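Chains as they are written, first to last, in our numbering: chain A, 548 to 896; chain B, 12 to 190.
In case anyone wonders, no lab produced these hints; they're calculated from the structure.
All values reported here derive from a predicted model rather than from experimental measurement.
Ideal Cβ positions, reconstructed from N, Cα and C, are used throughout, including at glycine.
Possibly wrong hints are sitting among the right ones.
As the list claims (entries may be wrong) - Okay, the calculated beta carbon distance ranges per label pair: (1) B:Leu132 with A:Val634: 24 to 34 Å; (2) B:His133 with A:Trp635: 21 to 31 Å; (3) B:His133 with A:Trp702: 25 to 35 Å; (4) A:Ser815 with B:Leu60: 45 to 55 Å; (5) A:Val634 with B:Gly55: 26 to 36 Å; (6) A:Thr832 with B:Gly181: 47 to 57 Å; (7) A:Leu833 with B:His42: 51 to 61 Å; (8) A:Gly659 with B:Glu137: 20 to 30 Å; (9) A:Thr640 with B:Lys139: 30 to 40 Å.
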Amino acid sequence: MLELTTTRHNPLVDPSLHVWGWEIPVYLFVGGIVAGMMIIAGIAMLRLAKGEDPRGFFSVQTPLLGFMLLNVGMLALLLDLAHKLYVWAVYLTLEPLSPMSWGSWVLLVVYGVLLVSALIRLPDAWPWLGARVPALARVSDWLLARPALIRALAWVNIVLGVMLGVYTGILLNTMVARPLWNTTILPVLFLVSGLSAAAAMMHLATRIFPGRPAPKGLVGGALAAMVQNLGPQPPEKRTGDALVRADIGFLAVELLLIGILVIGLLSSTASHAAAAELVLGGPYTLVFWGGVVAVGILVPLVLQWLELGHRIPHTVLPAVLVLAGGFALRWVMVNAGQASQIVQAAGLH
Amino acid sequence: MARLGMVIDTRKCVGCMDCVVACQTENDVPHGYCRDWITTEVRGTFPNLTMEIRSERCNHCDNPPCVYCCPTGASHVEPLGKTVQVTSNRCIGCKACLAACPYGARFVNPKGYADKCTFCLHRVKEGKDPACVSVCPTHCMHFGDLDDPKSAVSVLLATRTWHTLLPEAGTRPRVFYLT
């Protein structure tokens with residue numbers, strides 16, 4: 548028997564052991580979506596560089612929507628900081644051993660790249676702005692006339708998307724004190740989950756204003772610029788089907804990674820096995836298996852498969868479920884991770 | 012350059028918490044928080060029980076995860092005594108160091124920055140022991156340079172049996188407990 552009594556730091560009563568609340572799961576979720584959207588947009592931009600119709604959805608609206616989503620994530624991140632007025636200190640240094648440090652620099656570059664990517668079709672996507680700032684149309688034409696530049700921008704999007712997608716997982720992964728996070732699967736899982744949530748988000752976005760005419764004003768136009776297709780209405784079927792097909796792949800890989808994650812933890816040290824117990828009978832079991840795996844992966848996987856086979860009509864339900872599951876994954880990992888701790892080797896026998 | 016460490020004799024410690032109060036007073040620790048605390052560990056099966064009372068705090072690890080994860084360099088290894096310190100006006104309050112510490116040694120000061128034991132560096136500079144060491148009524152705590160083989164702490168570690176907390180974390184803590 549091993550009994551510990553302490554005047555503080557009892558994990559059941561000491562709030563300092565639970566350091567991250569709702570803000571970090573929200574940021575990880577939104578950051579993951581933006582990362583996925585950058586990768587998907589990058590692939591679409593490669594097709595754009597090859598001469599595909601520039602009115603296509605992905606490369607035009609995705610950076611704008613990503614830009615707005617990233618603002619939501621950054622707001623959550625700022626709300627989490629306890630010493631908010633000192634946030635600038637992040638950009639006075641680059642700490643190579645701290646994923647949070649280089650992640651912060653990646654975020655800064657991501658903002659710039661999203662803006663430049665949005666410029667490719669911004670005046671067309673948001674006519675209100677295009678009419679008032681004629682220079683935007685010239686920038687847009689200049690970019691479109693240079694396939695090599697668009698190709699380079701596409702690759703920058705893809706590389707930055709991968710970096711943004713994995714850095715949060717590496718950040719948690721480096722914390723030796725939290726065994727649930729000590730798995731190299733985590734960055735890959737976050738990346739694939741981000742890709743799947745991104746496909747779902749883009750699918751959902753195409754359905755918000757299903758047809759033209761788009762709102763032309765300042766606010767309505769801005770909103771439409773983020774979510775509405777410029778090309779044929781409704782969007783070409785292959786575009787939607789491609790998103791659904793990609794999402795099926797992402798969800799299947801995600802399922803595999805979750806399996807490897809659990810097996811990896813169970814077959815590792817006592818601390819890691821104890822961490823796995825948090826989702827295998829512990830307090831996070833229902834959210835993990837019910838929310839993340841069943842509602843977030845299995846149900847949308849089956850629904851989308853049936854949709855592609857024309858057995859049921861296309862709806863936004865799978866996309867909504869995938870997004871809910873993506874958030875649940877971040878929520879479980881952040882909360883259960885903080886609840887996991889190193890098991891004293893000397894206390895085992 | 013010194014490598015400061017602490018050696019605590021668990022055979023003498025009675026868990027009076029004088030060290031806790033001394034630290035709170037010396038360092039003006041906000042009400043409800045503490046930089047050191049007492050842990051009582053009971054092992055065995057009745058009637059064969061052993062008990063160890065420990066005064067615990069930041070271990071000023073040789074391999075400090077809280078320093079590596081810090082995005083601003085606020086958490087750093089101070090050249091003086093190679094102790095782990097926090098520069099409060101560089102700390103953004105991201106709490107990564109709280110999550111990274113296996114000992115739960117850190118907390119967020121109500122002013123917003125990460126806070127923890129400093130080994131009373133301000134006293135060390137004046138040639139004094141940390142507050143907790145200086146007040147201990149059983150003289151169970153010792154403080155000094157671990158790199159100096161003649162220091163009291165080095166002699167104790169060379170002549171007595173000891174353990175550190177969670178050595179399996181690989182952090183190489185510098186608070187040692189004599190058994």
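Results of checking the hints against the structure:
1. B:Leu132 with A:Val634: 24 to 34 Å: Roughly 27 Å apart at Cβ, these two residues keep to the hinted range, so it holds.
2. B:His133 with A:Trp635: 21 to 31 Å: The hinted range 21 to 31 Å holds for B:His133 and A:Trp635, with Cβ atoms some 27 Å apart.
3. B:His133 with A:Trp702: 25 to 35 Å: violated (53 Å)
4. A:Ser815 with B:Leu60: 45 to 55 Å: violated (32 Å)
5. A:Val634 with B:Gly55: 26 to 36 Å: Roughly 50 Å apart at Cβ, these two residues miss the hinted range, so it is violated.
6. A:Thr832 with B:Gly181: 47 to 57 Å: Given a distance of about 30 Å, which is not inside 47 to 57 Å, the answer is violated.
7. A:Leu833 with B:His42: 51 to 61 Å: About 38 Å separates the Cβ atoms of A:Leu833 and B:His42, which means 51 to 61 Å is violated.
8. A:Gly659 with B:Glu137: 20 to 30 Å: Hint violated: Cβ distance 50 Å, outside 20 to 30 Å.
9. A:Thr640 with B:Lys139: 30 to 40 Å: 33 Å Cβ-Cβ, so the 30 to 40 Å window holds.
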